[in-house]
Amino acid sequence: MESSKTDAIISIIRQEFGSEIVHIEQPYQLLTITFKPERIIDIIQLLYSHNELQFQFLTTLCGIHYPDQNQIAVMYQLHNLRTNQRIRLKIFLSADQPQVPTLTGIFSAANWMERETYDFFGVTFIGHPNLKRILNVEDMIFFPLRKEFPLEDQTREDKNDALFGR
Amino acid sequence: MRAEDSISPIVQPEEKQYSYLNLGPTHPATHGIFQNVLKMDGEVIVEAESTIGYIHRAFEKLAERRPFYQITPITDRMNYCSAPINNIGWHMTVEKLLGVEIPKRVQYLRVIIMELARITDHLICNAVIGVDTGALTGFVYMFQQREHVYEIYEEICGARLTTNLGRIGGFERDFSPKAWAKIEKFLKEFPEVLKEFEKLLVRNRIFMDRTIGVGGITAERALNYGFTGPNLRAAGVDYDVRVMNPYSSYEDFNFTVPVGTQGDTYDRFMVRQAEMWQSLSIIRQAIDKMPAGPFHADVPDFYLPPKEEVYNNMESLIYHFKIVMGETDVPKGEVYHSVEGGNGELGFYLISDGGRTPFRLHFRRPCFIYYQAYTEMVKGSMLSDAILTMSSMNVIAGELDA
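Read top to bottom, the protein sequences are chains E and C.
Position one of the first sequence corresponds to residue 1255 (my numbering), numbered consecutively onward.
Position one of the second sequence corresponds to residue 540 (my numbering), numbered consecutively onward.
In isolation and in its complexed conformation, chain E is listed as follows (with noise of 0.2 Å):
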């Protein structure tokens, strides 16, 4: 039954943007699929307008940063409020300049949530009608989720991290 539905969803996806999914899996029965990030805004309408699809809440969306492969990942988590279905979308966005187009024209909820990954994470959403920081003040300079900064003081030298399994 499960497998059946999340099937349904991968197959009309795959027929309108066969060529945009990266990968496809399911971690803890969430269905998680990795688009290429050009054309997300237009995955997502069409996951908010199908008639089968219908996924027309924003539950959460954020930044990942992945050092090693300095990319930096967006995603979208929607749920269908009807069938009670939920999906993960992803996408992955080169860390030096990230910048992928705002989803603030499909849901208002994403306005601060875009808000939060820029400020967090430096992610530029194109068109976004006030991208400005949210939490942090407004002059910093840096991007303070990325995992380059680090939480403690590097200076500190009475604390072993070797000793901490750090």
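Calculated from the structure, these hints are not laboratory results.
Don't take each hint at face value.
[Claimed, not checked] Derived DSSO-like pairs: lysine-lysine, alpha-carbon spacing no greater than 27 Å straight-line:
#	chain 1	residue 1	chain 2	residue 2
1	C	Lys-643	C	Lys-717
2	E	Lys-1259	E	Lys-1401
3	C	Lys-635	E	Lys-1344
4	E	Lys-1290	C	Lys-727
5	C	Lys-861	E	Lys-1401
6	C	Lys-727	C	Lys-643
7	C	Lys-635	E	Lys-1259
8	E	Lys-1401	C	Lys-717
The structure displayed is predicted, hence computed values, not measured ones.
For this one, chain E is given, so just place chain C on it according to the hints.
Relative to chain E, chain C alone:
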């Protein structure tokens, strides 16, 4: 705008003059640290802009340096009005990642705690709506009851506001007879108080005039703005995580999901009021159906062994050391778990790379998501209604800023 401009006697009649008002960051009527810059035409709000982040503490960054069990106290400080729900939501996320089977008794005990927390969360919000309409009596009366719930928490975990309640896998100890007695006492006394509180406000003409049709939002807009919890249900959408994706055995209990129609302040008040009654009924059912069994799951890698065994038993000592130092291995994975918090869907998005700390932990904080609709909701309303709209949305600064 300069002051002399506004008092200049030569004002073109067609040229409208607006005044700007800083509501907050510290304002006695906003119950928290929020700033709203309001463009006012007389007493009517023409435009508003919110500034948030005044108590931002970088929890998502902090969590990346902490072992899993040390993240629990962080979650306390998000929605501090219902901290146990945050704690238990986090424990359940880790348990989902580890694939731990939780005993039925633990699930029922958790339900009792979470529903008590929901009651405290809602009663604060509703009592404060009363205060903002000018009725201080109900507030003082209800806060006394919150005190009793905090005494129950104290009996269970030793803390009151920031509870750090429970452990990964269950509870640190079973509920004491004194805790059960306090829960029973609360279940006996609270309905009377709640009834009296309802008598004070529900059909009160002044209260109704102040709240009906104030700060309304349609179901479509609410969904588009990502509303969840009582605020969404007040707009008429019956989305409740407890029903749609039951966790911790919520499917075993009979309860209804109250919904409103207008999505205005009065409906939000009524939905919260009805939910408190449902919570009381759930607690009663959980006590009556309480199964026997252990109060924690069998996860020696994460659940601290009893102290006597640590001193007398080599394995227990090793486990104790490994847990405290955060040296236990976790599976790699990506997991999302959500619970119905006091304000809506509280989600935890956890990416584990197998290390001692999360690789990335993102909190889906319901307040942060729905508060952005505030500027749209107060547009065109009076200043005093804007205050009421905010208190009825139950925006908790700690959850907003994380």
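Quick rundown of the hints versus the structure:
no.: 1; hint: Lys-643/C x Lys-717/C; in the structure: holds (22 Å)
no.: 2; hint: Lys-1259/E x Lys-1401/E; in the structure: violated (37 Å)
no.: 3; hint: Lys-635/C x Lys-1344/E; in the structure: holds (21 Å)
no.: 4; hint: Lys-1290/E x Lys-727/C; in the structure: violated (58 Å)
no.: 5; hint: Lys-861/C x Lys-1401/E; in the structure: holds (26 Å)
no.: 6; hint: Lys-727/C x Lys-643/C; in the structure: holds (25 Å)
no.: 7; hint: Lys-635/C x Lys-1259/E; in the structure: holds (22 Å)
no.: 8; hint: Lys-1401/E x Lys-717/C; in the structure: violated (47 Å)
Checked against the numbered hints above, the structure violates hints 2, 4 and 8; every other hint is satisfied.
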